[in-house]
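Undergrad: Going left to right, the sequence shown walks through residues -26 to -1, 1 to 649 as mature numbering (1 follows the signal peptide of the UniProt record, and there is no 0) numbers them.
The set of hints was computed from the structure by calculation and includes no laboratory data.
Hints are not guaranteed to be accurate.
Straight-line C-alpha distance at most 27 Å; calculated DSSO-like pairs for lysine-lysine [stated by the list, open to error]:
| hint | residue 1 | residue 2 |
| --- | --- | --- |
| 1 | 220 | 243 |
| 2 | 334 | 371 |
| 3 | 243 | 266 |
| 4 | 299 | 266 |
| 5 | 424 | 371 |
| 6 | 334 | 299 |
| 7 | 305 | 334 |
| 8 | 299 | 220 |
| 9 | 220 | 371 |
| 10 | 275 | 243 |
| 11 | 299 | 371 |
| 12 | 371 | 266 |
| 13 | 371 | 305 |
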Amino acid sequence: MTPVTRPHMATAALLLVLSAVLKVHSAVYRVEPEPTAVLRGQTATIRCSFNSLSPSSIVEWFGPPNSQHISQGTTVAAEYPRHRVVGDTSRGNYELQIRRTRPEDEGMYRCRTFPLPPAPDVKLTVVEPLSGPPDIVGNERPQSAGQGLTLTCRAVGGRPPPRLTWYNGTVPFRLPESAHNTSPQNNEVSLSLAIPFVSRWDNAANFSCRADQGLPTLVEPRTASKILSVQFPPEARVLVTSMRVKAGHSVNLTCVVSSNPPAVVTWQKLGEASVVRGEVRGQSLLISNVQKSDAGVYRCKAENGVLPDGLARTTLDVQYAPDIKATFAEKVVVLYGQDGYSLDCTAEGNPQPIVRWRRKGTNFYLNNPLVLSQVTYDVEGDYACVASGRGFPDVQKETFIDIIGRPDVLGRSGQTLFVTEGTDATLVCEVRSDPRPEVITWLWRDSNGKETIFLGAEEDSVSVREVPMTGGRRSTLVIREVGAGQAGSYVCKATNMFGSDQREFLIEIQDSQVLLITVVTATVLILIVVTVVTVLLVRRNRCHISDQESVASSEPVSKPMPPLPPKHGPMAQAQEKPREMSLELDELDGTLKPRPPPRLDKDPYSIGLSYPRLIHALPAYSVKDQQMKTSDNNSPLDDSGNPVQTREGSGIESWKLTEANSRRPPNYHEIHVLE
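Go ahead and model the full structure; you've got the sequences and the hints to work with.
TA: Set out below in structure tokens:
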């Protein structure tokens, strides 16, 4: 065991003493003092409390000026009559209370007890609110756009001094620290705002200055505002740069102007010195019952005394119906025979109309101008110029093209007419002319070159007749019973004040024998054509009948039974009942024709064929007719009084045939009816 030396014993004893001391002085801060602000004249309380504070411990307060001793325990120095220590000291509460605070109470305060180290000093701030909002001084007059602006915000009084800030609306200006000025002598602070130049957009801006003492729980910030007035020249603009309106309607031209001060707006139609038509209402121009003369460019001018003036333009497009100008008369006279003629039609409208020509009574349109490549009497008539504008009904103006000039004899000249000797020859000469031909003459030049002129009166066997026709006259030359010496050239000539025209006819005389040959030949040709057509029709009908037989043959038909030997006696009579009466269906006239009854001495199965599928009900009148027919014949009667049919009346021989001749002709059917 290691022995304990004296130095070790001394150290242990010292530690025991120190632990005892620490156990006796184990107090700690429960609440340390904190910075406090108070309005002037109000009561300020600075808190300080301890835990495990011994009864012998002494708590002290120190404060301004110069950290002087204020209290010891609950005892306060006489120099501080408004100060006192409050709280439950038995629980370690030593709060310093200052009543009716003054500015000199502001300063640093300390709370301490031995042997604890002192708590950090805290500041008591005695607040004096601003007496009013800050003042803004500077350019009071309206500023012009482009000029500079300086505004100064000043705040006087207040503890602590306020912090000034400039705002544009709600956005703060970021100004350098050097812009802040403080004057302790006057207890004043100021902040200047300098704007190099203002623009039209700064007009009516809200510039405000805010003074904040930094203690929002005690005093609220104070604010001053200034609405900036910036004068700037008018800026004019139109809502629509081009407006379209129909004539007769109303239109409102509006010019939007931005300016300070407000501008006066006037309207002017460019190109016209007179006052514009319409009513000015503020910044708008109202034009009622718009006419096509109102179309054009309009300018609005805004003036407010600040140059330059505001200008804006808008175009008014007035749409109106087409209007055909009087470029042609109601009647146009054109000389016949010209190589070409054109007639122009001019129309105005908005939008620009499409101009065409149409001949009256037709729906065929011609281009404008109307071009007549060759002027003849056929082109004479009524024409209409039609102007079509989008959004408006068509308008038209009519004119009559009157063709005047020399006569025009219709038809091709030099035609040869073959006339049979002894017959009448008729030559027709139709003349178109305006004015009407003064005279129409016929001239005959025979084979010897001799010329004969026929006047209107009848001469020998030649007569001339004239009748009016549309646009001229018709002259007819009739030669009765043409003779061989009347062949040659016949000329029809028409003359008026503009000239003449003629047509030549050549007549050749034919013998009557030649005519007969011609007629016979034509007749033979006609007969040949008719024969060919008839043959074709017959062949076509046969093909149709063959098709029907092929269809009928495809159906099942019972084969005819071979004839049986005749039977006689009572058994034969018994076998004859019931007896069949055969009726033939004549499809040509659609009636039932009864077949002759079979001979009594013959087997009914030896004649005719039975078609069970063709059995039909026999009309009542058929049996009666058969009986009447039988009774009318003077045939011999048998023992029972019944007529006996002979071979000639029964027709049995014609149908007791072999299988070859037992076939029925086409479209022939047989119907058996039981009696």
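Undergrad: Measure nothing beyond the straight line between the CA atoms of residue 220 and residue 371; if it is 27 Å or shorter, mark the hint as holding.
TA: Between residue 220 and residue 371 the Cα gap is close to 23 Å, so the pair holds against 27 Å.
Undergrad: Check whether the Cα positions of residue 371 and residue 305 lie no farther apart than 27 Å.
TA: Holds: residue 371 and residue 305 sit about 11 Å apart, inside 27 Å.
Undergrad: Decide if the proposed pair is consistent with the structure: residue 424 and residue 371, CA atoms, cutoff 27 Å inclusive.
TA: Judged against 27 Å, a Cα distance of about 56 Å means the pair is violated.
Undergrad: Do the alpha carbons of residue 275 and residue 243 lie within 27 Å of each other, as the hint requires?
TA: holds (11 Å)
Undergrad: Just to be careful, I want the Cα atoms of residue 305 and residue 334 compared with a cutoff of 27 Å; is the pair within it?
TA: holds (14 Å)
Undergrad: CA of residue 334 to CA of residue 371, is that 27 Å or under?
TA: holds (11 Å)
Undergrad: Is residue 334 close enough to residue 299, meaning Cα to Cα at most 27 Å?
TA: holds (20 Å)
Undergrad: Against the 27 Å threshold, does the CA-CA distance of residue 299 and residue 266 hold or violate the hint?
TA: holds (16 Å)
Undergrad: Is it true that the CA of residue 371 sits at most 27 Å from the CA of residue 266?
TA: holds (21 Å)
Undergrad: What's the verdict on residue 299 and residue 371, does the C-alpha distance respect the 27 Å limit or exceed it?
TA: Cα-Cα ~9 Å, so holds.
Undergrad: Taken at face value, is the distance from the CA of residue 243 to the CA of residue 220 at most 27 Å?
TA: This hinted pair holds, its Cα atoms lying about 19 Å apart.
Undergrad: Check the hint pairing residue 299 with residue 220 against an upper bound of 27 Å on the C-alpha distance.
TA: holds (20 Å)
When the structure is compared with the earlier hints, a violation turns up for hint 5 alone.
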